[in-house]
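Colleague: Protein sequences appear in the order of chains A and B.
Everything in the first sequence is counted per this note's numbering, starting at -1 for the first residue and increasing by one.
Everything in the second sequence is counted per this note's numbering, starting at 227 for the first residue and increasing by one.
The set of hints was computed from the structure by calculation and includes no laboratory data.
The beta-carbon is built from N, C-alpha and C at its ideal position, and this holds for glycine as well.
There may be inaccurate statements among the hints.
Stated by the list, open to error - Away from chain A, derived, C-beta distances all over 10 Å, residues of chain B:
1) Pro514
2) Asp526
3) Gly649
Stated by the list, open to error - If we take Cβ atoms under 8 Å as the criterion, some of the chain B residues that face chain A in the derived model are:
4) Ser313
5) Asp314
6) Ala336
7) Phe344
8) Trp397
9) Leu562
10) Leu565
11) Pro625
12) Gly647
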Amino acid sequence: MSIDLPLVFAAIIAFGVIMYVVMDGFDLGVGILYPFFKDRGDRDVMMNTIAPVWDGNETWLVLGGVALFGAFPMAYAVILPALYLPLMLMLVALIFRGVAFEFRFKAARTRPLWDFAFAAGSTVATFCQGLALGAFVQGIKVSGRGFAGGTFDWLTPFALFTGAALVAGYAMLGCAWLIMKTEGGLRDRLFAMMRPIGLVVLAFIAGVSLWTPFHDPQIMTRWFSWPNIAYLSPVPILVALLGLGLVRAVRRRHESGPFLYTLGLFVLSYAGLAISLWPDIVPPDVSIWDASGAPESQRFLIVGMAILIPVILGYTGYSYWVFRGKVRADSGYH
Amino acid sequence: MSGLDALDLARIQFAFTVSFHILFPSFTIGLASYLAVLGGLWLWTGREVFHTLARFWSRIFAMSFGMGVVSGVVMSYQFGTNWSRFSDVAGNVLGPLLSYEVLTAFFLEAGFLGIMLFGWNRVGRGLHFFATCMVAVGTLISTFWILSANSWMHTPQGHAIRDGRFFPEDWLQVIFNPSFPYRLAHMVLAAYLTTAFVVGAVGAWHLLRNGRNEAARVMFSMAMWMATLVAPVQIFAGDAHGLNTLEHQPEKIAAIEGHWETSRGMPLFLFGWPDMEREETRLALGIPHLGSLILTHSWDGEVRGLKEWPKDQRPPSTVIFWTFRAMVGLGMLMALTGLLALWLRWRGQLYDTKLFHHAAVAMAPAGFVAILCGWITTEMGRQPWVVHGLLRTSDALSPVPAHNVAVSLAAFVVVYLIVFGVGVFYILRLMRAGPETVHVPVPEGVRAAPMRPLSAAGGTVESGGRAR
Ligand code: HDD
Ligand code: HEM
Ligand code: HEM
């Protein structure tokens, strides 16, 4: 047995999380942008671009949760109580945005209410995710195998900052997605929004990157000591290049460019985070090996994952392919 | 405060959220299979009425499915937030089972749901049918895994305990634990029956308005066939399930029956008030020997009474005595409905016996009520254990303060009542509108939808074809 199972599972969970962030990210982003578009036809289009796929996207969140439960039960048992209130609020917000897909088209007089539920649900869920992320990065108090901190440990300026950062980030993903999926006047307005949102996001990325190392001297040395600084310098450089590429793509009104550059930015930021936290699964002290579940559980699970994840990616891809192309107000269903 | 501690609150929260959740899956599991059948019949016979029905029910399905998903996501996080010690202690066993549920079921459902609901004009009929089948299969696979996990908590096996934590040793034994096959069969049948009675009620309601309504006739007839055939099977499955429980959780059966002293020739109480303090069943009204006859299949079989267990290990008999009777009573009513339908069908009066149609409308909620009663019986009958005989509920709790649980519980109650209240209201409105309103003929030979916008439509086609 030479496979390092905890490492493999950490990679799988990391993959699941980035899939979630990117895919539900653009769904939630569409919701965040909703208040900026008052026209009912525009709103129909916006919602129809994501209606057939949002459920699959949200399933990655469920996978992230249960895979943590399956492979690192201790981490699951520590992180969830530590982030109790933000997670509960996120779940409630996700309920509102999830049912809005169905309710909005059934409602007549109350439609504005469900529009509001969709926008607010998306924004609050995103903010809570960012908050949870920030609190997680800052570290969680553990004693024995359980959470030992207080109810409001997660409520810090840094966590509020990452919350806001994620709202901006998802808005950017949503905007880029919509540019690909829409046409006409709606798309023109989205193009106009893309640049300011992009600049805000880049500022947030810079802010989070500079702030993070101050939480933990270890993170500081990891990034800023020689020779690490040389090995890791491509990360910020690439971020800058992608930012430039994005601005150019918007200027040339390239339709899929903004989305691809935004994806790149997310993946890089995520990689930066992983570099900072490695090898902790519960920062600052619990490593993936400390929290690892039983090897017999992980072995049982890895077999299924190795077979099923490619299959899932396959039919998910097929479903996206079926719904490719531009979306119009009348291409809804039922 | 209210005198409830974190444990009580967490239990109430779990019971509340899962009870809401289960209402939607119960309906969608059955409806997904029904839609697959309708799609298959449409492909096979080409009769437009099956298409109309499929369109009609798939809108309702979409609503119910959406609510099942959002309430389910809450469930999967609840283990960690409220029952984190349980997660740590039993995670090695239950975590992989739930992970397999996500990998084999949830993704499958979600992946094909889009095509099933939005793909009518984008893929061919055959592919659309395939997508519907995948969603239906997904709901059944989901049932498989979640019930395996739940059954393991009732009848754990295939594990070892080290340092107070569970470690899996034999996965086949864990998955196929002794109560699992019974619970799975009983639950799937329950979901099918629940759906059948809803479909039947909607059919009957429209028949009462217009007896010539072809779609209403077809759905009413299909639903009544389900009742006729499946309700008796369910009684049989329930009986087998009870015998299995007698073997593995005899105290649960004793509590269900309000049976205190171990004895032979036990009566079957039809009425009574099991009193946990006085250790007796007051006001008992029973049929002698019938209890033994059902449970041991012999006139004088011995059944153990609740007094054999220490007080702190007795499930709350007062509640589950009644929930069990409600479930069984409804099961009998369902079988009776099925028999009546068969008789009317034979006499050629199925579509014009108004009284029977009224009865069928009244039976609409029967399945939901029976399912909730069944689950309460099962889960409360396991108390005070989370993992039967091994881990107490009180040792499973998260180290979160009571006020956190109270706040989130209050939020869930308010949000669920509003959101799901509205959802159910919309569903009822769709049901009332009836199948004629959805008739959307698909042009022959439509394959993939045009990728470029239809120039003729010009963007002005109001959302008229959309649900109302
Ligand atoms: C895989 C696990 C699982 C599954 C599928 C279910 N339950 Fe359960 N149930 C639990 C795992 C559990 C639990 C986590 O173990 C609880 C929490 C506290 C407890 O004792 O057991 C519980 C408690 C619990 C209670 C409270 C009992 C009490 O505290 O006295 C009720 C009423 C239900 N459940 C009802 C249901 C319903 C309606 C279900 C249908 C979906 C259901 N359960 C499925
Ligand atoms: C208490 C334990 C339970 C948990 C943790 C749980 C978890 C979940 C989750 C996370 C979802 C949403 C999946 C998605 O995103 O698509 C879901 C939906 C679903 N659940 Fe549950 N569930 C529980 C109980 C049950 C039971 C007992 C059944 C069946 C007997 C069931 C059947 C389903 C089905 C069929 C769906 C698909 C959505 C739907 O049809 O409405 N669940 N569940
Ligand atoms: C009429 C005859 C019936 C009998 C004898 C019967 C028997 C039982 C028994 C003994 C249990 C508890 C098993 C345990 O906890 O170990 C149970 C649970 C349950 N019953 Fe029934 N039942 C009947 C009808 C129904 C009907 C008609 C429905 C729903 C439509 C239903 C739904 C359920 C559900 C959802 C559970 C909980 C899950 C489970 O443990 O399987 N039952 N039933």
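Colleague: Confirm or reject each hint.
Modeller: Structure-based check of each hint:
In this structure Pro514(B) is separated from chain A by more than 10 Å, as the shortest Cβ-Cβ distance comes to about 50 Å. Consistency note on Asp526(B): stated as away from chain A, and its beta-carbon is indeed over 10 Å from all of that chain's, at 47 Å minimum. Its closest Cβ contact with chain A, about 6 Å, brings Gly649(B) to no more than 10 Å, contrary to its assignment away from the interface. Checking Ser313(B) against chain A by beta carbon gives a least distance of about 4 Å; that is within 8 Å, so the hint holds.
Against a cut-off of 8 Å between C-beta atoms, the interface hint on Asp314(B) holds, since the closest Cβ of chain A lies about 4 Å away. At about 4 Å, the closest approach between the beta carbon of Ala336(B) and any beta carbon in chain A falls short of 8 Å, and the interface hint on this residue holds. At a threshold of 8 Å, the smallest CB-CB gap from Phe344(B) to chain A is about 4 Å, leaving the interface hint in force. The closest approach between the C-beta of Trp397(B) and any C-beta of chain A is roughly 5 Å, which is under the 8 Å cut-off, so the hint is satisfied.
Against a cut-off of 8 Å between C-beta atoms, the interface hint on Leu562(B) is violated, since the closest Cβ of chain A lies about 35 Å away. Taking 8 Å as the C-beta cut-off, the interface hint given for Leu565(B) is violated, the closest approach to chain A being about 36 Å. Taken as an interface hint, Pro625(B) checks out: its beta carbon lies about 6 Å from the nearest beta carbon of chain A, inside 8 Å. The beta carbon of Gly647(B) comes no nearer than 11 Å to any beta carbon in chain A, farther than 8 Å, and the hint placing it at the interface is violated.
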